[in-house]
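Chains as they are written, first to last, in numbering that gives the first Met the number 0: chain S, 0 to 377; chain C, 0 to 380; chain U, 0 to 248.
Be careful, since some hints might not be right.
To be verified - When the alpha-carbon atoms are kept at most 30 Å apart in a straight line, the in silico DSSO-like pairs for lysine-lysine are as follows: (1) C/LYS87 x C/LYS103; (2) U/LYS145 x C/LYS211; (3) C/LYS211 x C/LYS87; (4) S/LYS209 x U/LYS226; (5) C/LYS211 x U/LYS228; (6) S/LYS209 x C/LYS87; (7) C/LYS103 x S/LYS209; (8) U/LYS228 x S/LYS209.
Stated by the list, open to error - So the derived list for chain C, only partly shown, Cβ under 8 Å to chain S, looks like this: (9) ASP28; (10) GLU100; (11) ARG101; (12) SER172; (13) ARG175; (14) MET296; (15) GLY312; (16) THR318; (17) PRO321.
As the list claims (entries may be wrong) - Far from chain C, by Cβ distances over 12 Å, these chain S residues were calculated: (18) SER57; (19) LEU263; (20) ALA373.
Since the hints were made in silico from the structure, they are not lab data. All residues carry an ideal CB built from backbone N, CA and C; glycine is no exception.
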Amino acid sequence: MRVLRFLLRKEYLQIFRDRFMVAQMLLLPCIQLAILANAATFEVKNARLVVVDDDHTSSSRGLIERFTASRRFVLVPRPVSTRGADEAMLRREAGAILRIPTAFERDLVQTRAASVQLVLNAEDGAAAGVTLGYAQRIISDYAGELATTLPGASVSVAAARVAQPTLDVRTRGWYNPELDYRFYMVPGILVQLVTMVGTFLTALNIVREKELGTLEQLNVTPITRAQFIAAKLIPLWSLGLLGLAIGLFVARVAFHVPMRGSVLLMFATASVYLLAALSVGLLVSTMVQTQQQAMFVTFFIVLVYLLMSGLFTPVRSMPVWAQWFAQANPTMHYIEIMRGIMLRGAGLRQIAFHLSVLAVCAVAVFTLSVRQYAKRTA
Amino acid sequence: MNRLEKVLKRPPSTLGAFMRKELHHILRDRQTLAILLLMPLVQVLLFGYALRTDIRDLRVAVVDPTPDVVTLRLRNRLAATSRFHVVKVSSTTNVLPDLFERRKTDVAVVLPTSFAESLTRGDTAQVLVITDASDPNTGTTMQVYVRTVLADFESELGSARGAAGEVHIGVASRMRFNPTLESANLFVPGLIALVLTLVSALMTAISLSREKELGTLEVLLVSPLRPWQIIVGKVIPYLVLGFAITCLVLAAARVVFSVPMNGSLTLLLAESVLFTIVSLALGVLVAARTSSQRAAMLGALVGTMMPTSLLSGMIFPITSMPGWLQPVTTIVPARWFIVIARGIMLKGVGIEYLWRETAILGTMALVLLVAATRSFHARLD
Amino acid sequence: MTSPRGDRSIEVDGLTRRFGTFTAVDAISFDVREGEVFGFLGANGAGKTTAIRMLIGLLAPTAGTARVAGYDVATQAEMVKQNIGYMSQRFSLYEDLTVRENITLYGGIYGLSDEAIRRRTTELVDRLDLREDVDARVKSIPLGWKQKLAFSVAVLHDPKVVFLDEPTGGVDPITRRQFWELIYANAAAGTTVFVTTHYMDEAEYCDRVSIMVDGRIVALGTPAELKEKYEARTIDDVFVRLARAGTAA
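The whole structure should be built from the sequences, with the hints applied where relevant.
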């Protein structure tokens, strides 16, 4: 224990004396939260719309008005020919083209049905899908309005509507009623942060000593493997928790992200997850010789883990094989836990399954990495 | 004049020998090389196969306080849709919080008491659709899906009574340039940008600062090589590597996902070389301005990788970003490269549509190269 | 546990290390007496570093045995480590820690008491004339001092044997002289010193030297014996002759 005390003091001294380490700890959470929370959204505002109105009636103008009034769309001010619209899309000046055919109003009045054409620039796939959703909603709302206002809508029809059984569908989004995308992203970003600190710093810290030759010096001393590993992991583990605390603070203050569950539970699960992350870092450090290699190997591993964790895309949309992979991915479970605690106020009972998987992963990777770490080469 | 003579007199093989040394460095480090080649391939596969945003198989919980024939019909209707999967039918809403918190359901449809009765009377029956909106995107999409089923159910009820009067506006929609919204098509251009940034900016920054740390850079500096030659020698092998990896990603994308190449491949390759130069210059700049490998790593990560993955429009559309952030994206080289790559691959347009973006990249390359050579110089004096 | 036999602090018998098909160290045998300054010479790539790494317990031998301070390096590596000091060719103190912090760290690792650490720090700093710099980062002190400091830290816990792997690389002649004075002082106090070097004038300072060529020890004896045997004026000449013969063969 006495030896461990000396080793720990050395690690903490080195960490806090390292300007970049400190900068990384303080800046990274802020930068990541600021950029990711704001940039990582698929919500579309101000989609640029070109309207080709071949009808020029009050009905077609009404539809265009609904689009502009929605604030989701802005009109690109040159609604010329079809060719002009195509050109605008090729030049990326338009994200969507709405074409209202001639006889739009006539068809509506005569047959109570008409159609419009909507062309979307699917270059930014995600945005196109969302934009289509908005447009369909606007159009169907407009159709609903026309049912009563359209010339020819007789009183009897209106009366019939009242007598007709209807469903009044109300929707409610639990846990995030304002549908603020940032609430969803922030827990994930915190996970990413903890993962990066855990794996990168551990791998780099140990490999750096390898590169400088100080590791060899330590290896010829009588310190045990357990002492060495404890002395390396404990400071980085506390650093990870510190990073989480800073991130959480920024998230609360800057983004007002809810914290519905227990902070204590959150840090407790973070401790378990960090053990897994740190062990991955330790494992990498045993496999590589230079910081450059450590960097690339860790980068690769962290990238795959993050992509397959449901951070950006839902796990349930993945193909089955990828879902199985995700089940074995501690990052996925930890994201579930973080979102559960922060957004849904989940308690220990609700996260028990994820937490136990996490614990199993952590112990497994830890055992493996400790076995891999040898003071000498066979 | 004197300088020029010196340069001309120097045996032309000096630079060549130096580049060979750099190439050896890269090729000898099998681990890094393997990762550099493997990473793009794994990413292509993941982005193409695993990362999807479409929602299939929604788990629905139905709260039905007074079950009867009508509510059963509604439930069957939900279950019949291939997308839905009724996981729980309960008579009370009390079970819902736990179901949601344990993530056993995605949507809950709450029917009122005496649902059938009010419908037969011709009254309005209130239906509550609750979604787990912690992920707002899927939350909204799920609401739309449930609404659609309910609307069908409603019109079925209506038509059963022979009432009409609805106005219908059909929407014929078309997704141009990527009709099926294939995710591979969207991600591959961004992926090329990401991988090129990784290989050129990150690798150069680290390898240069490593030589600085180890003191080998000083050895190079006292050699007859001029600073620009050292930079060129450092940079060319990575340029070659980046080019090779671009081809690899394109081939993989083509073979595995049949990602289209509607425009000119030559133009795309030329543009990616231009983009690589920009990234390389950034890498040199980062290395010149930092003092240790770790600082260079941090600099390269925050300065190049993060903007490339988040602020380039690769995953998240730029138009969705808040007003203050959008101008920031204009200084991210990858943003322009992705427009170019998507333009060529998906739209099949030529340089006449892309000259503006190309000019921006070209200017960036020029400015950064000059800055990099300068700061490299300054550090040495 | 075996107690040290006689006054042999290092006993090497048929020590061999192979990497794949390449034999880096080929059945070397020698003994080093307690308190002796033993020079371990050889050209780059002759297998010196591999041999040292086996002796200090960083690398497992493929065949043969070696005992250091009475303990078998293959089976009792941790006991070996308790009893040795090591200073590698790369400067291996922590540059971002101060002189005092480095001394405290290694003192703590070797189980010295707080009191002993304090006392030894004062002693060491006085002897090296580092009083002014005791709280300065190691990074900021001159290379010569760093080397002397590294040596002093390596013998902080009074090890039975100290291994020095090219300790004086890049150091000026005056500092090298001072460095060797430190080595002699420790040897006089009973510490066995096992040193590799490139400087052949330093080899002359050793009690005995061995010369390694292509993984084998081709010559072993006092500097005077070797010079006589190979009819050379200096150890340098001996070395060049043997090394050339090795490459030719």
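Of the hints stated earlier, which fail here? Violated: hints 3, 4, 5, 6, 7 and 8.
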